[in-house]
Amino acid sequence: MALTIAVHSAKGGTGKTSIAVNLAIAYALDGRKVCLLDMDLRGPTLRTFFDDGSSEVPFWVNDLLSGKKGINEVVMDTGVDLGMAGKVSVAYSKADIFEIRELASKDRKWQSNALKNIITGKKELIRNGTEVIILDTGPGVEYESINAVAACDLVLIVHSSTKACSECTEQLVNGVYKSLNKKCAIVDNMHHCSLDDDTLDGMRYGFPVIAAIPCICDIAKRSGEILVLSDREHEFSRAICDIKDKLGRIL
Amino acid sequence: MIEKEIIEEILHNLKEINAKLDKIILNGNMPYPDEEINSSDSLDVMMLLSLPDHLRTTATTLFEIGPATAEDIAEVTRKERAVESNYLNQLVRMGHVEKYREGRKVYFHINNKLC
Ligand SMILES: Nc1ncnc2c1ncn2[C@@H]1O[C@H](COP(=O)(O)OP(=O)(O)O)[C@@H](O)[C@H]1O
Ligand SMILES: [Mg+2]
Numbered sequence: 001m002a003l004t005i006a007v008h009s010a011k012g013g014t015g016k017t018s019i020a021v022n023l024a025i026a027y028a029l030d031g032r033k034v035c036l037l038d039m040d041l042r043g044p045t046l047r048t049f050f051d052d053g054s055s056e057v058p059f060w061v062n063d064l065l066s067g068k069k070g071i072n073e074v075v076m077d078t079g080v081d082l083g084m085a086g087k088v089s090v091a092y093s094k095a096d097i098f099e100i101r102e103l104a105s106k107d108r109k110w111q112s113n114a115l116k117n118i119i120t121g122k123k124e125l126i127r128n129g130t131e132v133i134i135l136d137t138g139p140g141v142e143y144e145s146i147n148a149v150a151a152c153d154l155v156l157i158v159h160s161s162t163k164a165c166s167e168c169t170e171q172l173v174n175g176v177y178k179s180l181n182k183k184c185a186i187v188d189n190m191h192h193c194s195l196d197d198d199t200l201d202g203m204r205y206g207f208p209v210i211a212a213i214p215c216i217c218d219i220a221k222r223s224g225e226i227l228v229l230s231d232r233e234h235e236f237s238r239a240i241c242d243i244k245d246k247l248g249r250i251l
Numbered sequence: 252m253i254e255k256e257i258i259e260e261i262l263h264n265l266k267e268i269n270a271k272l273d274k275i276i277l278n279g280n281m282p283y284p285d286e287e288i289n290s291s292d293s294l295d296v297m298m299l300l301s302l303p304d305h306l307r308t309t310a311t312t313l314f315e316i317g318p319a320t321a322e323d324i325a326e327v328t329r330k331e332r333a334v335e336s337n338y339l340n341q342l343v344r345m346g347h348v349e350k351y352r353e354g355r356k357v358y359f360h361i362n363n364k365l366c
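Sequences listed follow chains V and U, in order.
Heads up: the first sequence at position 34 corresponds to 34 in our numbering, and the numbers run straight through without jumps.
In our numbering, each residue's number is its place in the second sequence (first place is 1) plus 251.
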């Protein structure tokens, strides 16, 4: 059974992209065929993990959403050497201010078609043998992010331990995730013990809290490095593998 | 029970045909005048979120598997076909969904007319 995960959060900078990339590689290291899509069209950073921005990208996620290209044309190889293991392909979105400005002017009709194009693309990937699709989203209730949530099987909520994040997450849970009938799992990232009192028996808002990753400067210092590849024993890498195993049990 | 459903559907369809004929007569020979030109009807994800629960489930399912018949939708949502048919027709009346006939089957899909 193929699986589509949207990595989402209420606030920015909670660690979504870091978790999405490492999780994708962790699945691939298990021998799975994985596809990673940058759905954070207003602040794309996925590419920083795979190249310095100088390589040729023929088409973008932007082209998929607008219906100009199909999924097979926007997805490309990551260039990451996984040896004998699985495969990770990726689709980037365009970090270009004109493109991002234009996005802000799209109407509801365009967004409605964008959702259809994502769902069509997802089905096409699955038909071609992709087993895990990971959607790295932007924070909050931007259209692209909620479209990604609507298209996924499971929302991986990356929560950072601040009061502001808790309040916004609760809004998203009730106003979006539950409304769209989504399975969810919560990761507490940059976790410190001062603010986890709303967790009861490993559950919060009715969803399992499957990991608590501490705030570690080393992770920020090495941002752009895929730790599950370069440093498997790192606390972050082990947390990612643990998340992957727990997701397997939820689904 | 089944017969009753069929009769209800026939009656419903007859009423619709009547309404359409009235429109055609009113507007000379132009079929379907001024229909679905309002782009604010398009069903995007934010609109989806503001729908009542039962309609949202139907609409989300249609996004996933559409174009689909009421029966296809009912299979996923595990509700009665007649119930889904009713919800789908509500969505059609709201302008979010369109339907078309293919042979004896009626298919629904998310309204994607460009404005
Ligand atoms: N557990 C952690 N401890 C410290 N820094 C972290 C942790 N997780 C992520 N970061 C850092 O936080 C920054 C934002 O992470 P990123 O993955 O880009 O977040 P998002 O995609 O949610 O905006 C990056 O520099 C990243 O390396
Ligand atoms: Mg990000």
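Simulated from the structure, these hints should not be mistaken for laboratory data.
Here the structure is a predicted model, which means the values were calculated and not measured.
Treat the hints with caution; some may be incorrect.
Said to hold, decoys possible - In silico contact screen, one side only, chain U against chain V (beta carbon under 8 Å); selected entries:
#  : residue
1  : Ile253
2  : Asp295
3  : Val296
4  : His305
5  : Leu306
6  : Arg307
7  : Thr308
8  : Thr311
9  : Phe314
10 : Glu315
11 : Gln341
12 : Val343
13 : Ile361
No residue lacks a Cβ here, since even glycine has one placed at the ideal position from N, Cα and C.
Hint check results:
no.	hint	in the structure
1	Ile253	violated (30 Å)
2	Asp295	holds (4 Å)
3	Val296	holds (5 Å)
4	His305	violated (12 Å)
5	Leu306	violated (12 Å)
6	Arg307	holds (7 Å)
7	Thr308	holds (7 Å)
8	Thr311	holds (6 Å)
9	Phe314	holds (6 Å)
10	Glu315	holds (6 Å)
11	Gln341	violated (18 Å)
12	Val343	violated (16 Å)
13	Ile361	holds (7 Å)
Checked against the numbered hints above, the structure breaks hints 1, 4, 5, 11, 12 and satisfies the rest.
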